[in-house]
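Participant: What follows is the residue order along each chain.
There are 2 protein chains.
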Amino acid sequence: MAHFNPVTPELVEELKRVMSPKQVKTDEDYLVAYQTDEEGNSHYFSKPEVVVFPESTEQVVEIVKLANKYLVPITPRSAGSGVACGAIPVYHGIVVELERMNKILKLDPDNMYAVCQTGVITGDLQREAARHGLLYAGDPSSADSSQIGGNVANNAGGNKAVKYGTTRHQVYSLKVVTPTGEVVEAGSRLKKSSTGLCLEQLYAGSEGTLGIITEVTVKLYPQAPYVFNMVCVFKTDDEAFALPNKILKAGIDPTSIEFMDNEALVMTCKFLDMKMPHVDEGCDYVIVTVESFNEEESDRKMELLCDLAENNGSIDEFEADKRIWTLRKQFAEAARDVDKMFQTEDFVVPLDKIPDITKQIPELREKYGLYCVTVAHIGDGNIHVLPLNKEGLSPEEWFNKIKAFHRDLFPRVYALGGKMSGEHGIGFKKLDEFAKCTPAPELHVIKAIKKALDPNNIMNPGKLVDMTGDFVQE
Amino acid sequence: MAHFNPVTPELVEELKRVMSPKQVKTDEDYLVAYQTDEEGNSHYFSKPEVVVFPESTEQVVEIVKLANKYLVPITPRSAGSGVACGAIPVYHGIVVELERMNKILKLDPDNMYAVCQTGVITGDLQREAARHGLLYAGDPSSADSSQIGGNVANNAGGNKAVKYGTTRHQVYSLKVVTPTGEVVEAGSRLKKSSTGLCLEQLYAGSEGTLGIITEVTVKLYPQAPYVFNMVCVFKTDDEAFALPNKILKAGIDPTSIEFMDNEALVMTCKFLDMKMPHVDEGCDYVIVTVESFNEEESDRKMELLCDLAENNGSIDEFEADKRIWTLRKQFAEAARDVDKMFQTEDFVVPLDKIPDITKQIPELREKYGLYCVTVAHIGDGNIHVLPLNKEGLSPEEWFNKIKAFHRDLFPRVYALGGKMSGEHGIGFKKLDEFAKCTPAPELHVIKAIKKALDPNNIMNPGKLVDMTGDFVQE
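Note that the protein sequences, when read in sequence, are chains E and G. Residue 29 in our numbering sits at position 29 of the first sequence; the count goes up by one each step and never skips. Residue 1391 in our numbering sits at position 391 of the second sequence; the count goes up by one each step and never skips.
Hints in this document: simulated from the structure, not taken from any laboratory. C-beta atoms are modelled at their ideal positions from N, C-alpha and C, and glycine is treated no differently. You may find that some hints are simply not true.
[What the hints assert, rightly or not] So, partial list: chain G residues that the calculated Cβ filter (under 7 Å) puts toward chain E: (1) Asn1154; (2) Asn1155; (3) Thr1195; (4) Lys1249; (5) Arg1300; (6) Glu1303; (7) Asp1352.
If we strip away everything but chain E, and leave its shape as in the complex, we get:
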């Protein structure tokens, strides 16, 4: 247990002084609202002592300086759409809610970049780019609510990662308030650089443990005028899982290769009151999206893709309009409708190892008495197995069951060269598992960096790595 000081009336007064009284909330309503993020299991809930709503980088600097002065923990938060308990203030203290910093400061269509404050909603940025014929390629399923700073902090993945990479690959530069209250401009609007350490990639994905991102400069791409979504229908998982590598090797350069198993299709179709082909035959879907700049190129890739799919066991291929993405993206809402405590696994394995891990899932389901549905970004090996609490276990019972499942699952993932998170992060939820599965030298390096950059351990403590024992305060 880390030793932090409680938030005192004196600190609250100082916070009000460096911002305005309206930006500092200690009402119980606020504290309850900020006791969780997207997490639905009350086991994890933990209330802050104060929630602050800064409106500028300068205010964030002042907050961080006060947190150091009073030795009080900070939990940075934007939309709170994370699913790893990354924005839950596990040691209480101050939640820094960044949603008011929500302006797109600049969008330069000729040079294809945008400068966003951290609280810009991902979907707003996507739409603003589209208005200029451009694409912002970060595309988590939560795009309509998630915010760009949180996307970067968690290195959110999403649905265009096969072609464009994850959120970290969209980043030119970041403005970061360090744990000691300095402002670092990490990276730059450059296509390449060998000037100093690659700090922007260190901050991206660090889950708010190394600083608070207040501004993000992102890359934009030309929007391809020709896009098709092809659904390839499979009777068996194994055939579906063999397809991605073949698509990639053929030079089709797909934007996305997504998988939904039959149970996920049935659940989501029911939730959306949608009827889709082959779902009642027990089939799985592989959804492939391809963007092109030319109609013939698009047609050719479609033909090549259908040939590949047929030669690899697809029983049908049909072109879908973009509503297929509603089906894919609404899947989490459908799961929540069944069970608000649903757990999203997020492990990632090399593409050739997908069958090796997925074939172990039925055994694990049986062993732990879990009902699971599966969707996956199979173009990048990222598998979302979702255990649903259909039996109505208590929060504590469900927590214990999932912990036992993880203890069994993750070593299997790592044995195949995989890792426990492809896009959701470690947060507080997988802290123990991360410490157990990560080799000691890597953990030493991570802890050494954390300690060097956050000497008082005030920046999102209890996330990613547990620094207890590495810090002595008082």
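Dock chain G against the given chain E, drawing on the hints supplied.
Facilitator: What follows is chain G alone, placed relative to chain E:
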């Protein structure tokens, strides 16, 4: 000045014991051979006290442990093809020459990756990949001599960066011996990950200051069957420099966009005894390479490119075979033939700022009495202005002239949002300039990380950041 201990006979004996006597060299011939890397100015030369040739990661670990025990500096080196004095042992001590670790341990064509020891020559990896119909996309002009570990350590750029990124983007994972002698596996063979800090990108480009890379797992790509090289001929720089952004926005997705000014063309044609169109008319070249998976796609892109070039002032476009790349890549050799102390500037600016910086070069040439030729990776804003010592100044005079030029040039680059190195690194050569141009908070973070990971400052000291004053030894 850092305080290190001298290499004692006792340490040499210990080094021989953890390797074999043949792997430890103290003969004067060796010490002289390792007093420089690609640097030609004797001002920078500095001899090691011992050169060691490890053959395994385990041996590297033992060497690092001894360096810590005796407080002796280590300079890691592979090909020594760097141009920033990164492999010069400025504090003497031990040079760790990794060239014997030169095996491609695995190349998996189905899953498109290779595992290389650090000393694999870049060109060997490219050729081995090509044998399997695959592409290794790291392509520094020094590919025939440079080695993969050094490419990663410096984040080498090269000629395919517009499409594929620089060397850091080719990296799945790295095996790194840390400055304290632990072995970290940074990264993994995964398409995405949000599991812990992004250490592989921290090590990539850290110029050997945070550890010694002993193994690299790289991504491979399908080799496109259709490739064309188009030379667009321009009478003025400004028109040439406006082209890249337009090519990128049109969705042509070029592999390379290179620039050679007329003086560079004349010099290199003379060196190679080559005759090329429009060179004697004082024209510049923009060389655009485009790869496609389909002939019609290739033809269409060629047409589109020629239209764009013509509409933007190109007076001629002609298709070239791959010998055009000989012209481009042999440019450095041509420069060396004129002046072995030639200086390669390597600054990088946002694409829209290329004209703003290049139009200042004539003024600087005049001011410092420099003769310069220019080649540039203009598709990524990376400009190589090469001052040549045509007057035959002494090493010391030339050093002072270049320092004065840098003091004037780099603030202009930074004022445009640029940085001093796109692909060569800071090394020892630009240490002072880097400290001056980098904002204090960024420098604090870099130094804090260095100090945390290399507590005795033994790992390539005097490169990238000067830790003098941050370390006290005895």
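Participant: Are the hints correct? Go through all of them and say.
Facilitator: Status of the hints after comparison with the structure:
1. The beta carbon of asparagine 1154 (chain G) is positioned within 7 Å of a beta carbon in chain E (closest approach about 6 Å), and the interface hint is therefore held.
2. Taking 7 Å as the C-beta contact cut-off toward chain E, the hint placing asparagine 1155 (chain G) at the interface holds, the least distance being around 5 Å.
3. Interface restraint check: threonine 1195 (chain G) against chain E, minimum CB-CB distance 4 Å, threshold 7 Å, status holds.
4. For lysine 1249 (chain G), the interface hint holds, since its Cβ comes within 7 Å of a Cβ in chain E; the closest pair sits about 5 Å apart.
5. Checking arginine 1300 (chain G) against chain E by beta carbon gives a least distance of about 6 Å; that is within 7 Å, so the hint holds.
6. Taken as an interface hint, glutamate 1303 (chain G) does not check out: its beta carbon lies about 11 Å from the nearest beta carbon of chain E, beyond 7 Å.
7. For aspartate 1352 (chain G), the interface hint holds, the least distance from its beta-carbon to any beta-carbon of chain E being 5 Å, beneath 7 Å.
Of the numbered hints given earlier, the model fails hint 6 alone.
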